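Heads up: the sequence shown is residues 1 to 73, going by the numbering used here.
Bear in mind the hints are in silico, worked out from the structure with no lab data behind them. Note that this is a predicted model, so its numbers are computed, not measured. Heads up, a few of these hints could be off.
Using C-beta positions, here's what the derived DEER-type ranges look like [what the hints assert, rightly or not]:
{"hint": "1", "residue 1": "R32", "residue 2": "L11", "range": "43 to 49 Å"}
{"hint": "2", "residue 1": "A18", "residue 2": "G45", "range": "35 to 41 Å"}
{"hint": "3", "residue 1": "L73", "residue 2": "K3", "range": "36 to 42 Å"}
{"hint": "4", "residue 1": "R19", "residue 2": "G45", "range": "31 to 37 Å"}
Beta carbons are placed, not taken as given, at the ideal position from N, Cα and C, and that holds for glycine.
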Amino acid sequence: MTKSAAPRRVLPTSPFKARTEAPRKHFAVGDRVTHDTYGLGRAIGVEGDIAVLVDFGSRQERITQPYTAMFKL
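Required output: the full structure, derived from the provided sequences and hints.
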């Protein structure tokens with residue numbers, strides 16, 4: 001059985017809540033950030049909504065979407 005490419009519709013009479021998408025995180029060059037694995041850092045490069053290059057002091061890391069472990073300070 002294959003999965004349909006069409007998005008699922010939520011009926012207005014359904015007792016189940018529609019899934020809501022979490023707001024996307026946006027970072028800019030110079031933003032102070034914290035990462036669960038790497039610690040404190042500063043964004044030194046942004047590749048649109050694809051990735052952020054972060055300087056953590058001892059290393060530089062390219063963090064890609066969905067940025068679940070990174071937060072803006």
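Practice prompt. Take a look at whether the Cβ-Cβ distance between R32 and L11 falls inside 43 to 49 Å.
Written response: holds (45 Å)
Worksheet item: Would you say the C-beta atoms of L73 and K3 sit inside 36 to 42 Å of each other?
Response: holds (39 Å)
Worksheet item: Regarding A18 and G45, is the given constraint of 35 to 41 Å on their beta-carbon distance met?
Response: Check passed, 36 Å falls within 35 to 41 Å.
Worksheet item: Do R19 and G45 keep their Cβ atoms within the hinted range of 31 to 37 Å?
Response: For R19 and G45 the Cβ distance comes to about 32 Å; the hint holds.
The structure shown violates none of the earlier numbered hints.
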